[in-house]
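**Q** One-letter residues, chain by chain:
Protein chains: 2
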Amino acid sequence: MITYKEAYNSVLKNTTSWGLETVHITASTNRILATDVFADRDFPPFHRATKDGIAINFKAIQKGETTFPIEGITSAGSPQMTLKNTQNCIEIMTGAVLPENTDTVIMYEETEIENGKAFIRKKPEIGQNIHRKGSDEKQGDLLLKAPLKITSAEIGVLASVGISEVSVFKNPKAVIISTGNELVEVNQTPLPHQIRKSNSYSLLALLEAEKIEADLMHLIDEPEIIKKKLSEALKTNDVLLLSGGVSKGKYDYIPQILNELGVEKVFHFVLQQPGKPFWFGIHPTLKTFIFSFPGNPVSTFANYHIYFKDWFAACFGLKKTAFEAILAEDISGSETLTKFIKVKTYFESGQLFAEAIPENGSGDLTSLSRSDGFVKIDPGKGKVLKGTRVSFIPTRKII
Amino acid sequence: MITYKEAYNSVLKNTTSWGLETVHITASTNRILATDVFADRDFPPFHRATKDGIAINFKAIQKGETTFPIEGITSAGSPQMTLKNTQNCIEIMTGAVLPENTDTVIMYEETEIENGKAFIRKKPEIGQNIHRKGSDEKQGDLLLKAPLKITSAEIGVLASVGISEVSVFKNPKAVIISTGNELVEVNQTPLPHQIRKSNSYSLLALLEAEKIEADLMHLIDEPEIIKKKLSEALKTNDVLLLSGGVSKGKYDYIPQILNELGVEKVFHFVLQQPGKPFWFGIHPTLKTFIFSFPGNPVSTFANYHIYFKDWFAACFGLKKTAFEAILAEDISGSETLTKFIKVKTYFESGQLFAEAIPENGSGDLTSLSRSDGFVKIDPGKGKVLKGTRVSFIPTRKII
Numbered sequence: 026m027i028t029y030k031e032a033y034n035s036v037l038k039n040t041t042s043w044g045l046e047t048v049h050i051t052a053s054t055n056r057i058l059a060t061d062v063f064a065d066r067d068f069p070p071f072h073r074a075t076k077d078g079i080a081i082n083f084k085a086i087q088k089g090e091t092t093f094p095i096e097g098i099t100s101a102g103s104p105q106m107t108l109k110n111t112q113n114c115i116e117i118m119t120g121a122v123l124p125e126n127t128d129t130v131i132m133y134e135e136t137e138i139e140n141g142k143a144f145i146r147k148k149p150e151i152g153q154n155i156h157r158k159g160s161d162e163k164q165g166d167l168l169l170k171a172p173l174k175i176t177s178a179e180i181g182v183l184a185s186v187g188i189s190e191v192s193v194f195k196n197p198k199a200v201i202i203s204t205g206n207e208l209v210e211v212n213q214t215p216l217p218h219q220i221r222k223s224n225s226y227s228l229l230a231l232l233e234a235e236k237i238e239a240d241l242m243h244l245i246d247e248p249e250i251i252k253k254k255l256s257e258a259l260k261t262n263d264v265l266l267l268s269g270g271v272s273k274g275k276y277d278y279i280p281q282i283l284n285e286l287g288v289e290k291v292f293h294f295v296l297q298q299p300g301k302p303f304w305f306g307i308h309p310t311l312k313t314f315i316f317s318f319p320g321n322p323v324s325t326f327a328n329y330h331i332y333f334k335d336w337f338a339a340c341f342g343l344k345k346t347a348f349e350a351i352l353a354e355d356i357s358g359s360e361t362l363t364k365f366i367k368v369k370t371y372f373e374s375g376q377l378f379a380e381a382i383p384e385n386g387s388g389d390l391t392s393l394s395r396s397d398g399f400v401k402i403d404p405g406k407g408k409v410l411k412g413t414r415v416s417f418i419p420t421r422k423i424i
Numbered sequence: 026m027i028t029y030k031e032a033y034n035s036v037l038k039n040t041t042s043w044g045l046e047t048v049h050i051t052a053s054t055n056r057i058l059a060t061d062v063f064a065d066r067d068f069p070p071f072h073r074a075t076k077d078g079i080a081i082n083f084k085a086i087q088k089g090e091t092t093f094p095i096e097g098i099t100s101a102g103s104p105q106m107t108l109k110n111t112q113n114c115i116e117i118m119t120g121a122v123l124p125e126n127t128d129t130v131i132m133y134e135e136t137e138i139e140n141g142k143a144f145i146r147k148k149p150e151i152g153q154n155i156h157r158k159g160s161d162e163k164q165g166d167l168l169l170k171a172p173l174k175i176t177s178a179e180i181g182v183l184a185s186v187g188i189s190e191v192s193v194f195k196n197p198k199a200v201i202i203s204t205g206n207e208l209v210e211v212n213q214t215p216l217p218h219q220i221r222k223s224n225s226y227s228l229l230a231l232l233e234a235e236k237i238e239a240d241l242m243h244l245i246d247e248p249e250i251i252k253k254k255l256s257e258a259l260k261t262n263d264v265l266l267l268s269g270g271v272s273k274g275k276y277d278y279i280p281q282i283l284n285e286l287g288v289e290k291v292f293h294f295v296l297q298q299p300g301k302p303f304w305f306g307i308h309p310t311l312k313t314f315i316f317s318f319p320g321n322p323v324s325t326f327a328n329y330h331i332y333f334k335d336w337f338a339a340c341f342g343l344k345k346t347a348f349e350a351i352l353a354e355d356i357s358g359s360e361t362l363t364k365f366i367k368v369k370t371y372f373e374s375g376q377l378f379a380e381a382i383p384e385n386g387s388g389d390l391t392s393l394s395r396s397d398g399f400v401k402i403d404p405g406k407g408k409v410l411k412g413t414r415v416s417f418i419p420t421r422k423i424i
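One line per chain: the protein sequences are A and B, in this order.
Numbering of the first sequence is given in the numbering used here, commencing with residue 26 and proceeding in unit increments.
Numbering of the second sequence is given in the numbering used here, commencing with residue 26 and proceeding in unit increments.
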């Protein structure tokens, strides 16, 4: 059996890529940008008025002028005007191009307008209320560096530079496979010895957040059927996420059948709790990756966040962000196992604290809805004391 | 002009509700659960084996027995078996129902099986390796308390209790309205005095994350056309999110036209930066809410996060989560305005630090892609020193 650290490194070493594709900007949120984005022009592309008022030539101010006949009016979306007489002014609206021969904008609040003339109440600063051409970015500047997860802020940048079709990394095609004769559908009433499927739906929601397209499949404990269905799944998917059937039971056929189908096992069983009977393998020619998680809800949920999420990010070359939380109470570790303890977190004085969720073993699904993630307690640590900073793996959005 | 605090309280006081609907569990992520969810049975619903091995009656152990003839085998998904002779054992797989007349499970690793008999190597504890019926939750226990944002963890709970159709709060129907003659489409090449639309696409991405269905609309600066289109938009939407056209310019027709269309202004202009010319109003009979943001990208983006997000959460009765960050450098406030400063955040020693993004006024769109949110600096604070804890409004996922 290998350690968590070995297992983690092993998963992260086995990354792959599924190529590129373009998607419409409105479909690009949460996708991974694949190509650097540069400014196609200066930003702003012209000297831009940032207030509603009048545009003047500051030389007139220097000559002591306080009254400016209004030559014209310009607004956002109008081509650039020219101030013909530098003793005059042009009325200008926010977002408009600064007229030729002007260099200063005085806002309406500081003027009085009467009979086609603007009187100014106070002396302006030269160049005021102008967002200068190229002052944010110069044409050719790097705006977004790939790889990068696209969020609403990046969408704004993409739109500004005219990228309506965005080059992103392709996501894998996945299938979520539940196993076990005890499982019935959500809308069925289970017999006393049965339970409803839940892992598949949790995983589906997790993959949806990454915009990974996934099908659902269920396998009953019949070797011939499992083999046929897995053989097909390996060919038509890039990633298989299984839950159940990987422990030491007599009907845990998955590892043996994956082996028969040519999948190379990278490891099976990890010195961790929960999630010990995790099986990870790769089909060498089909390039299908198999994450075969133990069937307990907490084990599947934990291993998805511990291994799959980082592996998925690493496949795009995204840097892993590591988080820490401060223990709000003592937590017991294990001599031999890396322990992942469900915690509730809270902020206090700008610090992130974690307290353990009362739990009842890895079958305790409902505790996941009360937790924000797992803290990782390394083996051989015994009791880890309140106030210690530990590694934190979030399972929902914290901030 | 009102203060930020007055504006915020005013927005939060004017909440509404759009009723309930049911959605399939696979479409329920990020929706707001509207009905409490209870356990429909005990969890686990039966004494459940947590290891693969043998189930025995502990009385035999007390009698000194170490060898157990195997009476049968049971696995997950099989109806409960009965151990007929309490000197015997039944082979049992993880997830199976504990057989009648047994109370202890010994894992394979601690047994040797030969000639239909299991020898045990060490004395077990009574009741070991059993996840006891109802030990997680009792039938009728409250599992999920509405209102609650549904994430993958809650999906698992919903599936377990058989809720394939989930009762959620209805989201508003929204329209995102850009204004201004200077704007062209993303896929067009702007003339020197034009710029591409970007606010609409950022807002669309933000609403998508909340699963709010939104259309896009553009208004040119023509009062008659604006009036006709806004009149229609007010009738067919619950929320209007506008950007631009609400300042003091000659072509800022929006406030006047909304007034003519019967919308009641709650406020216009807030003592804040960026985002000052924010206009907020409600149509009293149509119950349409209008968030009319200033057109600068940073202003729109800031005000969406400052006002709309909290308002939207409050409409469902969700509690607001307030965050704080620690300033990594001195930041200058304003005498009269509440300032929202773009910051990059980082974690160090379990603490969230914020440092200001070099910025260039509220037109600087690209700086949003480098920032994680805004820190709020109250008016009259002058310089706020490094190390001070300040209110932090995230604009992307931090943890």
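Please keep in mind that the hints were generated in silico from the structure rather than gathered at the bench.
Watch out, some of these pointers could steer you wrong.
[What the hints assert, rightly or not] Some residues of chain B that are not near chain A, with every Cβ distance over 12 Å (derived):
no., residue
1, Q87
2, G89
3, T92
4, P149
5, I250
6, D355
[Said to hold, decoys possible] Residues from chain B shown here face chain A by an in silico Cβ test under 10 Å; the list is partial:
no., residue
7, F71
8, F194
9, Y226
10, T391
11, L410
12, R414
[Claimed, not checked] Below, in silico cross-link-like pairs of lysine-lysine (DSS-like), each with a Cα-Cα straight-line distance of 27 Å or less:
no., chain 1, residue 1, chain 2, residue 2
13, A, K273, B, K422
14, B, K142, A, K275
15, A, K334, B, K369
16, A, K369, A, K312
17, B, K84, B, K30
18, B, K147, A, K275
19, B, K195, B, K76
20, A, K30, B, K158
21, B, K109, A, K275
22, B, K236, B, K422
23, B, K30, A, K76
24, B, K406, B, K364
25, A, K364, A, K312
Computed from a predicted model, the values in this text were never measured in an experiment.
For every residue, glycine included, the Cβ atom is placed at its ideal position computed from N, Cα and C.
**Q** For every hint, state whether the structure bears it out.
**A** Consistency of the hints with the structure:
1. For Q87 (chain B), the non-interface assignment is confirmed: its Cβ lies about 26 Å from the closest Cβ of chain A, beyond the 12 Å cut-off.
2. Every beta carbon of chain A lies more than 12 Å from that of G89 (chain B), the smallest distance being close to 28 Å; the non-interface claim holds.
3. Separation of T92 (chain B) from chain A is adequate, the least Cβ-Cβ distance of about 20 Å exceeding the 12 Å criterion.
4. Consistency note on P149 (chain B): stated as away from chain A, and its beta-carbon is indeed over 12 Å from all of that chain's, at 17 Å minimum.
5. Against chain A, the non-interface label of I250 (chain B) holds: every CB pair exceeds 12 Å, the least being about 14 Å.
6. Distance check on D355 (chain B): its Cβ is at least 17 Å (rounded) from any Cβ of chain A, clearing the 12 Å threshold; non-interface status holds.
7. For F71 (chain B), the shortest C-beta to C-beta distance to chain A is roughly 6 Å, which falls under 10 Å, so the interface hint holds.
8. Below 10 Å, beta-carbon pairs count as interface contacts, and F194 (chain B) has none with chain A, the closest being about 18 Å; its hint is therefore violated.
9. Interface hint at Y226 (chain B): satisfied, since its Cβ lies 4 Å from the closest Cβ of chain A, which is below the 10 Å cut-off.
10. Nearest Cβ of chain A to the Cβ of T391 (chain B): about 5 Å, under the 10 Å cut. The hint holds.
11. A distance limit of 10 Å between C-beta atoms decides the matter here; for L410 (chain B) the minimum to chain A is near 14 Å, and the interface restraint is violated.
12. Taken as an interface hint, R414 (chain B) checks out: its beta carbon lies about 5 Å from the nearest beta carbon of chain A, inside 10 Å.
13. With a C-alpha separation of about 40 Å, the suggested pair K273 (chain A) and K422 (chain B) falls outside the 27 Å cut-off, and the hint is violated.
14. Of the supplied pair hints, the one linking K142 (chain B) and K275 (chain A) holds, its CA atoms being roughly 16 Å apart against a limit of 27 Å.
15. About 24 Å separates the Cα atoms of K334 (chain A) and K369 (chain B), which keeps this hinted pair within 27 Å; it holds.
16. Between the alpha carbons of K369 (chain A) and K312 (chain A) the distance comes to roughly 38 Å, so the proposed pair goes past 27 Å and is violated.
17. Simply put, K84 (chain B) and K30 (chain B) have alpha-carbon atoms about 70 Å apart, too far for the 27 Å limit, and the pair is violated.
18. Distance restraint check for K147 (chain B) and K275 (chain A): the Cα-Cα separation of roughly 22 Å lies within the 27 Å cut-off, and the hinted pair is therefore satisfied.
19. Simply put, K195 (chain B) and K76 (chain B) have alpha-carbon atoms about 44 Å apart, too far for the 27 Å limit, and the pair is violated.
20. About 35 Å separates the Cα atoms of K30 (chain A) and K158 (chain B), which puts this hinted pair outside 27 Å; it is violated.
21. Pair hint K109 (chain B) plus K275 (chain A) holds up; C-alpha atoms about 22 Å apart against a cutoff of 27 Å.
22. As the CA atoms of K236 (chain B) and K422 (chain B) are separated by approximately 17 Å, the hinted pair is consistent with the 27 Å bound.
23. Between K30 (chain B) and K76 (chain A), the direct Cα distance comes to roughly 25 Å. Compliance with the 27 Å bound is thereby established for this hinted pair.
24. Using a Cα cut-off of 27 Å, the hinted pair K406 (chain B) and K364 (chain B) holds, with the two alpha carbons roughly 10 Å apart.
25. In summary, the hint linking K364 (chain A) to K312 (chain A) is not supported, as the alpha carbons are separated by about 31 Å, beyond the 27 Å threshold.
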